[in-house]
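**Student:** Chains as they are written, first to last, in this note's numbering: chain A, 1 to 440; chain B, 1 to 440; chain C, 1 to 440; chain D, 1 to 440.
Worth flagging that the hints you see were computed from the coordinates, not collected in a lab. Careful, some of the hints might be misleading.
One copy or two, either will do: identical chains are not told apart, so a pair holds if it fits within one copy or between any two.
[Claimed, not checked] Think about it this way: if two alpha-carbon atoms lie no more than 20 Å apart in a straight line, the pair counts; the simulated DMTMM-like pairs of lysine to aspartate or glutamate are:
no., residue 1, residue 2
1, K12, D271
2, K12, E347
3, K12, E340
4, K133, D333
5, K12, D395
6, K425, E223
7, K3, E383
8, K36, E65
9, K133, D432
10, K36, E71
Number of protein chains: 4
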Amino acid sequence: MAKLWGGRYAVKTSAVFERYSNSLASDTRLTPYDLKACTAHVQMLSEVGVINEEDARKLLHTLNEMSVQVENDELTPSGNHEDVHSWVEAELASRVGPIASSIRIGRSRNDLVVTDFRLWMKDELLYQQEAVKRFQQILLTLAERNLEVVMPGYTHLQRAQPVSLAHHLLAYFWMLERDRQRLIQCYRTTDVCPLGAGALAGSTWPIRPERTAELLGFASAFENSLDVVSDRDFAVEFLAAAALCMVHCSRLAEEIILWSTTEFGFMRLSDAWSTGSSLMPQKKNPDPAELVRGRTGSVIGHLMALLTVIKGLPLAYNRDLQDDKPTVFAAADTLGSSLEVLAGAMESAQFQNEKMAAAASDPGLLATDLADLLVRSGVPFAESHELVGRHCEGDTDERVKPLLEQLTTASAVEGRTHRGAAGFKAVAAQLDRARNTLLV
Amino acid sequence: MAKLWGGRYAVKTSAVFERYSNSLASDTRLTPYDLKACTAHVQMLSEVGVINEEDARKLLHTLNEMSVQVENDELTPSGNHEDVHSWVEAELASRVGPIASSIRIGRSRNDLVVTDFRLWMKDELLYQQEAVKRFQQILLTLAERNLEVVMPGYTHLQRAQPVSLAHHLLAYFWMLERDRQRLIQCYRTTDVCPLGAGALAGSTWPIRPERTAELLGFASAFENSLDVVSDRDFAVEFLAAAALCMVHCSRLAEEIILWSTTEFGFMRLSDAWSTGSSLMPQKKNPDPAELVRGRTGSVIGHLMALLTVIKGLPLAYNRDLQDDKPTVFAAADTLGSSLEVLAGAMESAQFQNEKMAAAASDPGLLATDLADLLVRSGVPFAESHELVGRHCEGDTDERVKPLLEQLTTASAVEGRTHRGAAGFKAVAAQLDRARNTLLV
Amino acid sequence: MAKLWGGRYAVKTSAVFERYSNSLASDTRLTPYDLKACTAHVQMLSEVGVINEEDARKLLHTLNEMSVQVENDELTPSGNHEDVHSWVEAELASRVGPIASSIRIGRSRNDLVVTDFRLWMKDELLYQQEAVKRFQQILLTLAERNLEVVMPGYTHLQRAQPVSLAHHLLAYFWMLERDRQRLIQCYRTTDVCPLGAGALAGSTWPIRPERTAELLGFASAFENSLDVVSDRDFAVEFLAAAALCMVHCSRLAEEIILWSTTEFGFMRLSDAWSTGSSLMPQKKNPDPAELVRGRTGSVIGHLMALLTVIKGLPLAYNRDLQDDKPTVFAAADTLGSSLEVLAGAMESAQFQNEKMAAAASDPGLLATDLADLLVRSGVPFAESHELVGRHCEGDTDERVKPLLEQLTTASAVEGRTHRGAAGFKAVAAQLDRARNTLLV
Amino acid sequence: MAKLWGGRYAVKTSAVFERYSNSLASDTRLTPYDLKACTAHVQMLSEVGVINEEDARKLLHTLNEMSVQVENDELTPSGNHEDVHSWVEAELASRVGPIASSIRIGRSRNDLVVTDFRLWMKDELLYQQEAVKRFQQILLTLAERNLEVVMPGYTHLQRAQPVSLAHHLLAYFWMLERDRQRLIQCYRTTDVCPLGAGALAGSTWPIRPERTAELLGFASAFENSLDVVSDRDFAVEFLAAAALCMVHCSRLAEEIILWSTTEFGFMRLSDAWSTGSSLMPQKKNPDPAELVRGRTGSVIGHLMALLTVIKGLPLAYNRDLQDDKPTVFAAADTLGSSLEVLAGAMESAQFQNEKMAAAASDPGLLATDLADLLVRSGVPFAESHELVGRHCEGDTDERVKPLLEQLTTASAVEGRTHRGAAGFKAVAAQLDRARNTLLV
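Same shape as in the complex, but just chain A (with noise of 0.2 Å):
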C-alpha cells in the first residue's frame, strides 16, 4: 500500500492491520472537501511565498480539475490507500510530479482531516435543516387543515381534555423548531477552521491560518492548535441534536402506530407508505412509523459511542477517534431518512375525524370543566373535583346535576382561548406564530 510515511519502517505492515485500519471506503463522500481543503492550502502557501507561483498555479490548476471530475463522477477514491489524503495526493503526483507533497508542507493529517470533516459537516447541517424545516412545513399545512377537527387529548394514555387536531400536530412543529434551532447552534459550533494546527503544534512555516479559514468560507481560525486536532465537539453536538430529533419522531411515530390501530382508528396511512405480510393477506402495517421509532436507538446508540471514544483521551490527536467519521455520517443519514419518510406517511395519511369526534365526546373529557363550573358557583377547589370525581363514579351530588348540561364538547374546545391553549382561536394564533417561526 502506498503509504504518506515510512522512511523508518523496515517490515511490511501487517494485512490484517491494514485492513482494520483503512478509511478509504468510509472517507469517500470527503473527497470533494478534501480539495476544497488542498487548494485553500496551497493557495495561502502560495500567497505567504511557501511555494513559488509557478507550482502553485500547476497544483491549483490540477486540484480543480480533479474536483471537477469528481464533482461529474469521473474520478473517485479507489486502489490501496490508507484514506482519502493519501489518494489525493497519490492522484495529484501522478498528474503534476514530485512537487505533489508540497500540499503536506505546514499541515498534517491530523487538522487535514478534520477540515474535511467540519466542512462536510457544515453542508449537511444546512441539509439537515433545510430537511426539518419541510417536515415542519407539513405539519403546519396538515394544521391548517384540521383546525376545527376535534380529538381527546391524552395524559397516561387517558383520555383527559378535547384539543383541536391541529394543536395536536403543532406539538410536534414546535419540538421540530427547537430541534432545527439545536441544529443552527451546532453550525455555530462547526464552524472553526483547523487547517495549520499541523500534527498538534502549528509550524514554522510563515502560514496565515486565518486567511485559510478565510479562502473555506469558515468563520474563523482556530485558537489553540492542540485542542483543535482532537476537538470533537462538533460532532457530538451534532449526534445529540439529531437523537433528541429522532426521539421526537420516535414520539410521532409511536402515535401513528397507536392511531393507525383498529381501536383507535384515527388515521389511515396511505397504501404507498404501508407494508403487508408474507403470511396474513388482511394486514396494513404502519412500517414506516415502526422503523423510525426502531432507528432512533441506533443514533441515541451513535451518540453513546462517540462519548466513550474521546473519554478519557490525552492531548492531542489519538487515532481512537478515526471511527467518529463512519459515526456521525451513519447517524446523519439515519437522520435524514427519517425525517423524509415520517413527514411523507404523515402528508399522505387520512385522518378518521368521525372517529376521532366520537372519542372526543366521551363526557369524561369534560371533567375538568364540571369542576371549574362547580368553583365558579363557589364550591372550593378540592371539593369540587371531589364531587366530580364521585360523579364519573355514578354518585351525583344535587350542586352537580345542573351543571351538566352546560357542557359541551364543543364548548369545551372553545373554551380555551388563552395563548397556548388548544382551543381554537388559541390554535388560529398559534398557526401565525408557526408561521411567521419558519419565515425566519
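Given chain A, work out where chains B, C and D should sit, using these hints.
**Tutor:** For chains B, C and D alone, coordinates are given in the frame of chain A:
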C-alpha cells in the same frame, strides 16, 4: 397518604406502589421554586379576577411566609405526601383553610412540576456556568505562570513536537469555553414558562400565561400546551452539555494521572489532593483525577437514561417522566463537584519543569523541523520526510548532516509564531484572547 | 478524618476532596459483609499462625459482637470515616485497641472492598431471582385462570390472529425465565473470593486464600491477584441482566398502558394500583406501568455508566471503580421494586373478557386461515394470499365464498395445536412445562 | 419491486419508503441460513404430508442446488427485492414455478428471519469463541516466555509492588476466559428454533416444530410462539458479552499505548503493527491499540441501541426489530477483527525487560514488605504502616533501619507464593491452571 385526587377511589393505594411512586424526597430541592410558582399563579389569578382580592391577599401573604421559612431552614417538606406540590397545598391549607385549593385553579401538576423544574434549572445553569468560569480562570492563571515552560506535545501518546506548557493548559481553557457556551445556550432553551398549560390543553379560566411568565422572570410563555407539559428538551440539552463537559474533564484527569506517574513525572498533586493506601505506605495516588474520570461514566449514563425514557412516548404527559429530575439532579451535582475538585487539584499542583524540559529535549521532537529545513533547501517534501525517517534509524544522508546543528528545542518552540500555534509569542497572543473571552 | 494511611502526608486533605471521595453513606449496606470478610480473614490468619491465638480470639469475639449489633440495628457506620472499612477498623480499635489493625495484615482495601461487594451481590442475586420467580408464579396463575379467554394477537400493533390470553401472559413468563437463568449465571460469575489478592500482587505472608474463600462460602478463590482486584465483570453482567429484565418489564408495562385505554379496554388496574389527577376528576391512570417503563431507562443508563468507567483502565485497581457500587445498588433497587410493582399491578388487575372477545371476532383475524383453506383446496399459496387480500378489500373470488362459513374465531384458536402454538390444547401443554420449570 | 404481499394494495409503495425499509444488502450474509431453514421446513412439511412427495422432492433438490451455488459464490441475492426471503422465493419460483410459494405454508417471515438470525449467530459464536481462544493461547505463550521477567505492578497508575510480567499477561488471559464462557452461555440462549411460530400464533397446519428444530440442529423448539417471534435476548446477550470483551481489550490496548511511550518504554510494537505520521518522520505510533480502544465505543453503542429499540415494544413482532441484524453484524465484525488485531500486535511485540527491571527496582515498591517485616518484629500494623510512610519521606525510624537490607525486588516477588499471587512459583502454578482451562 393525603392526595390531590381520589374522589373516584374506593380502595386504598397499595403501600408498595406508594413507595415506588413517591417523589417527595427528591423533590425537596424544588420547594422554593414551587412556592414561587404558586405565588405567581395566585397573583395572576387575582389580577384576572378569578381569585378575589381578600383570598389572594391571604394566600400570597402565607405563601411568602412559607418561602421565608423555607429559605431560613425553618420549614421543609415532610410527612406522608406524594410530592412537593401536595405538601405545599397541605401546608397552605393548614394555615389558611379550604381556600388553599384555589392554587389548583387553572393549572395542573403537569405544568406546575415542569415550571418548578425549569426555575431550578435556570438557577443551576447560572451556577454551573460560574463553576466552569472559575476553573477557566485557574487554568488561565496557571498558563500565565508557565508560558515559557517547554514540554513535549504528544500525539498517540508518543512525543511529537515541543510546546509551551501554557499552550497545553489553554487547550482545556477552550474546551471549557465551549462547555460554558453550551450551558448558556441551554439557559435560553429552558427560559420558557409552562404554567397555565394545565394537564395538557390549557384552561377555560381567563388566565394569562404571559403574565405568569413575566412574574416568574421567564423570557416567554409556552407556545403549545400539549408540547410544553411533556417537553424535556432543556433537560436533555443540559445532560448532553454536562456529559461533554465531564468528557473534557476526564481528558484532563487522564493527563493528571499520566503526569503524576513516576515514569512521566511532569506533575505532583498537593498532599491535600492525594490519597494513600491502607496497605502500601509509599503511595500517593491521584484519586481526585481518577474519581472525576470515573464519574464521567455516570453522567453519560444519565444522558442515555433520559433519552431512552422519552423515546416513543405519546403525547402528552406520561408518568415515565417522573425520573427526569433525580437524573438531572445527580448529573448536576456530579458536574459541579467535579469541576470544583479538578480545579482545586490543578491549582495546588506542582509542575516539574525540569522533567518536562528533559523530555522535550528528545531530538526526535525536531524531526519535523529538520524535514522542513530540507524542504527549504529544495528537497521535495516527500523525499525530505523519508530522509529524516532514515536519519532517525541511524542512516543519515549527507544533505541532512549540516542542518542538524541549526535546530534546538527552543528554536522549535519559538519558531511556531502563527495564530493558535504552540510557540511563546503565539501563546502570549492566545492568552490575551482567552482573557478577553472571560470578560464577556 | 481518621484514615488508614497518612504517614507520608504533611498537609491536611482538602475538605472539598474529602466530600467528593467519601463513600461511607453508600457503603452502609456493605457493613455486615465487611464484618464477615474481616472475620474470615482473621480466622484464616490465626489458622496459619500469623495472628496468635489470644489476639485472634479477642478479634473474632468482638467482630461477632459487632455483627450482632449491626444485625439488630444497634450499630451503624457513622462519623468522619472515608469508607466502611475505615469505620470497621476504628470501631474495632475502640473496643480492642491497637491489635485491631492486624485485620489489615495480608490484605488491602482493594481486595476487601470487592470481597464485600461480591458477598452482597450473591445475596442480592438470590433475592432478585426469587422476585422474578414470584412474578412468574403470578403470571402462571393468571394464565391458568384465563386459558380459554380469547383475544386478538397483534403484530405491528395491528390485529393479526386470535390467541388465548394465557398464551399472551405466558410469553412474559418465558422472558422472565430467561432473566432468571441469567441471574443464576451471574451468581456463578460472582462466586469467586478475592480476599488475599491484596493491593494487586498478593502477600508475602503465608496466607491461604482458598481457606478464606471456603470460610466465606465462595465456590473458589481468585486465579490472579492483578485481575481480581479490578475485575467487575460480575457487576456488568448483573447490570446487563437487570437492564434486559427491565426491558421485558417495560414491554409488559407498555401493554398494560395500551390495554387500560378506553380504546382497547382489555384491562382495568385495581384502584389500589392506579393514580388520579390533581386537575381532572375523571382520571384513573396506569402510573405503576408508566413508572416501570420509565425506570427501565435508568437501569440501561447504569449499564452504560459502568461499561464506560471500566473502558480503557490500565491494571490494576483505579479509583474510577469506586462508583461501581452506587451504580449497582441503584439498579438492583429499581429492578427489585419494579418486579414487585408490576407483579402487584397484574395480580390485582381485571381482564375485560368481553372486550377482548369482541376484538378477537374481527373477521380479518381469520384471513390467514382462509388462505390456508384455499391452499388445502389446491390453490398455490401465493395465489391464495392474493385472493384473500382482495377479499379483504371487498372483491371476493368464487373460490373464496364457500370457505367463509367454515371459519370461526373459536376454530382458529383451537386449530393451533402444535407445540408452542396459541391454541387452547397447545397452551395447556405449555402451562405444564411452565409449571415444571419453576420446580427446578 | 416483487413482494410477498400486496393483494389489498392499489397504490405503488413510495420509493423513498422502499429504500428506507429494504434490508436485502445487510441480509446477504443470511442467505445460506435462509436456504437451510427453507430446506428443513419443506422437509418437515413433506414428512407431515402438507406438501406432496413430488413437490417436496423438486423443492428440496432446487434448494440444495441454490445452496451449493451460494456456497461457491455463483449465486448471490440481487435485484429489486424487499429482503433475502423474498429473493429466495423469487429465485426458487424462477426455477420451479408456482409451487415455490409452498415454502410459505405454516410459517411467516417473522419466524423465518429470526431462525436465520439464530442459525448465523450460532456459527458466529463458535467463531468468536475460537478467536478469543487463539488470543488466550498467544497470551499464554507470552506468559510462559516471561515468567521470570520482573516489572512494577501498578495501582492508580502508581508503582505499587513488583510482579512477574507473566502474571500481568495472565490477568488478561482470565478476563478473556470469562468472555469465552459468556459466549458459550450465549450459544445456549441462542440454541432455540423459532420456525413454525408463524407470524405470532403458530399454525393450523399439522406442523411439527420439534422436527424442524432437529433438522436444523437446534437444541430445542420454541415454547411460546408470541414470545419467540420478538425475542431478541440472544442478540442482547451477545452484544453485552461483546461489549465487555471489547472493554477488556481496551484495557490491554491502554497498557500497550502506555508501555509504548518513551516514558514507560516497556514494550515496542513490531513495525508491521505500527503507523507513522504524514508530517513527523520520527513517529512510530501504536495505532492498532488506539483503534481497538476506540472501537470499544461503537460496540457499547450497539448494545445501547438494541436495548433502546426493544424497550417498550408491545407483543409480538414490530418492525422496529429490523435493525437488530445490522447492529449485531457490525458488533461481531468489530469484535472478531479487534481480537485478531490485538493478538497479532501482542504476538509480534518486544518487551523491554531491562526497562521493566529498572522500574521494578524502585525502592518504594518494597514499602509494603518493609512494613510487614516490622509487623513480624512485633510492631502493630497501623504503626508499621506509619513508620514506613515516614521513612519514604526521609525520616527513618531506628526500628526500620536494620530491616532495609533484608529486602530486594527479587525476594519481594519470590516471597508471594500463595495461590493467585504475583510470585514466580505461584505464577508457574497459575500457568498450569490456565493451560488446563484451554483444554476444556
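**Student:** Each hint needs a verdict: does it hold in this structure or not?
**Tutor:** Going down the list of hints, with the structure as the test:
1. K12 with D271: Between. Shortest inter-copy distance 7 Å satisfies the 20 Å Cα cut-off; intra-copy 57 Å does not.
2. K12 with E347: Answer is between: at 16 Å across copies they meet the 20 Å cutoff, but 57 Å inside does not.
3. K12 with E340: between (47 Å within a copy, 18 Å between copies)
4. K133 with D333: within (17 Å within a copy, 37 Å between copies)
5. K12 with D395: between (88 Å within a copy, 19 Å between copies)
6. K425 with E223: For K425 and E223, the Cα distance is within 20 Å only across copies (13 Å; inside one copy 52 Å).
7. K3 with E383: Classified as between; 13 Å across copies, 81 Å inside a copy.
8. K36 with E65: Within one copy only: 12 Å inside, 52 Å across.
9. K133 with D432: within (16 Å within a copy, 40 Å between copies)
10. K36 with E71: Classified as within: same-chain Cα gap 12 Å, cross-chain 45 Å, threshold 20 Å.
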